[in-house]
Amino acid sequence: MAHDRSRRRRDLGRPAPWNDARLRSLGLQAAVFILLLALAAYLAGNAAANLSRQGIATGFDFLGREASFAIATTLIRYSPADSYARALLVGLLNTLLVSALGIALATLLGLAVGLARLSRNWLLSRLALVYVELLRNTPLLLQIFLWWDLLRLAAPPPRTAWRPLPGVFVSVRGVYFPVPVYQPLYLWMGVALAGGVAAATGLRVWVRRARAGRPPLPAWIGFALVPLPPLAVFLAGGAPHLLDVPHVTRFDFSGGQSITPEFAALLAALVAYTAAFIGEIVRGGILAVSRGQSEAAAALGLTRGQALRLVVLPQAIRVIVPPLTSEYLNLAKNSSLAIAVGFPELFAVTDTIANQTGQSIETMTLVASAYLAISLTISLLMNLYNRSAALVER
Amino acid sequence: MSVGLTRALRWTRANLFNTPLNGTLTVVIAFLLLRFLSPMIDWAVLRASLSARDDRACAAVGGACWAFIRDWFRFLIFGRYPYAQQWRPAIVLVIFVALLLASFSRRLPARRLAPAWLGGLGAVALLMRGGVLGMPYVETGLWNGLPLTLILAAGGLGASFPLALLLALGRRSSLPALRVICTCYIEAARGIPFIAWLFLMLVLLPLFLPPGLVIAKLWRAEIAFALFIAAYLAEVVRGGLQAIPRGQYEAADALGLGYAQKTLRVILPQALALTIPAQVNTFIGAFKDTALISIIGLFDVLQDTNTALNDPAWRMAYVEGYLFTGVIYFAFCYSMSLYSRGLERHLGQGRR
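Protein chains in written order, with numbering that gives the first Met the number 0: chain A, 0 to 393; chain B, 0 to 351.
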């Protein structure tokens with residue numbers, strides 16, 4: 000009897016299966032999972048039927064076949080006789096080039112815009128505001144088109160090219176600029192540069208450890224340590240400066256290095272557009288550091304420059320880095336708009352291949368994974384940097 | 000000296016010439032501004048032409064070719080929509096502007112806003128499509144220009160909203176399977192460029208559908224757009240969900256509310272209100288992103304400009320063309336961002 004009663008009590012304590020939270024969550028998850036699987040199976044079945052009807056073989060075998068299309072801008076050797084895989088590699092490298100250059104230049108311009116927005120000079124801050132609002136509130140694609148037409152249609156022919164700097168030519172053929180001719184001395188200059196960077200880093204560590212609490216050394220000492228050694232090696236080696244300078248021939252240029260109008264338009268548009276966003280991020284980050292910090296720095300007798308460099312910026316960086324990361328990601332992704340002007344980066348090359356082979360599923364999978372990989376790499380690098388800049392709490 | 004002049008002088012001294020460096024800066028900037036602005040005004044106003052026949056006539060005078068805009072105005076705004084019927088997309092524009100103004104003015108209570116937009120979009124679709132009330136039927140391929148941009152933006156955002164809520168709740172869910180699925184979707188959609196996503200949807204979607212089913216390009220683009228924006232919006236909403244203090248969840252639990260009641264009546268209203276400025280920023284981004292559909296061959300307001308500029312008579316009027324289109328985009332985006340800023344201030348006042 001007693002045994003029976005206790006069992007009944009236990010039965011009462013356990014809810015009905017449909018009221019059991021654990022069972023319910025398991026059931027819900029299983030249902031969602033099965034639903035998704037069924038959807039995937041349905042779509043895959045349709046795709047298989049459609050593909051076999053159109054006579055398209057699936058698989059990545061096409062990557063080994065001959066690409067047989069030319070690419071205007073290549074960082075590595077490439078000819079139409081090369082394989083599709085190599086064409087994709089050329090595209091990927093072009094994407095990386097545009098992204099890396101774009102990120103570097105947009106950061107510099109963005110920093111300048113952000114500081115200009117905060118300037119005590121009314122004219123300068125208003126000018127920066129107008130820049131930010133105009134660029135942020137119009138589509139990037141429209142800006143790319145405008146830059147491209149400016150470089151294609153407004154630029155003069157080679158003979159009357161604009162010369163913004165000596166040796167630099169801007170014409171309908173693109174931008175031509177001089178490049179140094181490689182010499183063995185450059186290798187030693189590279190070594191000296193590495194030595195300079197190491198010395199500057201060492202000095203920084205030493206200043207932190209041994210001179211903690213004493214007034215900081217002037218900033219220029221650290222900055223001077225980096226360019227001085229290579230300069231010394233350059234002068235000691237007899238200062239050989241051989242530049243490959245472009246010069247005008249009858250209808251074109253010869254010599255020098257050039258970038259196409261497409262590349263120049265894409266890069267200019269990406270940099271100008273992203274800099275507007277970075278400028279606002281920099282401004283927000285600096286404003287986020289409370290006024291008391293700069294007042295305290297002033298009270299300690301730091302100059303405005305020192306206060307900015309030693310007190311405000313290190314704290315602002317913590318606020319700036321996360322949104323800056325997403326701007327970098329946006330820039331890398333936006334480089335795919337190159338397809339609108341025909342610059343052969345990853346997406347444009349992929350599109351050509353998909354049109355030629357009909358292997359759209361495979362090529363789109365490749366391009367999506369490549370962009371995911373780029374995004375993850377940028378996030379990873381920025382997170383590492385963020386960790387080093389983050390506040391160390393107890 | 001009058002008071003006004005003294006005040007102006009004092010202001011100039013404090014804002015433009017407060018230090019020697021700033022004074023120099025002011026002079027340099029003012030010089031550069033004059034140097035660039037006066038030829039620009041010269042070009043845009045003084046030498047501009049409203050009556051030229053082609054770009055060469057404008058180039059001869061050295062001024063802006065606003066005549067291009069006058070010539071192609073209807074095409075720039077409405078594209079290839081049948082000319083005699085263009086009063087219909089014109090009404091559509093009026094509906095959109097009225098809806099936007101009603102939303103911005105905060106006159107309409109939030110509860111009525113969603114039905115107003117739904118009704119407005121229904122009216123828009125009816126007007127554009129026709130086939131009733133004596134209006135001839137117009138296929139979606141001819142829905143061009145600014146109405147198309149606005150339909151894509153409003154329809155895509157409206158459709159993405161419920162999906163974004165589900166994704167955000169899913170990513171915050173205690174059920175691991177849901178959390179993983181939603182996280183994967185959000186990260187994948189945010190990891191690839193929108194143009195790749197559009198191609199994916201436009202090229203691949205037909206491959207994955209049963210052979211008989213054909214979806215018009217406009218609707219495929221709309222679906223792609225909604226699915227894409229949902230991932231970004233979901234992250235905004237998730238930010239709001241994370242900002243709700245635990246006490247709110249616990250209080251709802253203590254009152255004996257179930258998951259649905261707790262979410263719909265306690266958590267979501269607060270999370271959504273908190274993130275309105277961030278949502279508006281996502282909307283602005285989405286509005287600008289609609290321009291990308293011009294790459295896949297839909298005639299939005301940017302593609303209309305490109306098409307008009309293909310006219311050999313006006314090929315060199317590209318600055319005027321893109322300026323005109325840019326002003327349209329700017330008007331919508333800037334008013335949205337002003338609204339967002341005003342709202343932020345308003346919300347901030349209530350909290351402090």
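Everything labelled a hint here was simulated from the structure, so no lab data went into it.
Fair warning: this is a prediction, and the values are worked out from it, not measured in the lab.
Hints are not guaranteed to be accurate.
What the hints assert, rightly or not - In silico contact screen, one side only, chain B against chain A (beta carbon under 10 Å); selected entries: (1) 168; (2) 169; (3) 174; (4) 324; (5) 331; (6) 338; (7) 342; (8) 345.
Think of the CB as a built atom: it goes at the ideal place given N, C-alpha and C, for glycine as much as any other residue.
We went through each hint and held it up to the structure:
no., hint, in the structure
1, 168, "violated (13 Å)"
2, 169, "holds (9 Å)"
3, 174, "holds (5 Å)"
4, 324, "holds (6 Å)"
5, 331, "holds (8 Å)"
6, 338, "violated (13 Å)"
7, 342, "violated (17 Å)"
8, 345, "violated (19 Å)"
Against the hints set out earlier in the document, violations occur for numbers 1, 6, 7, 8.
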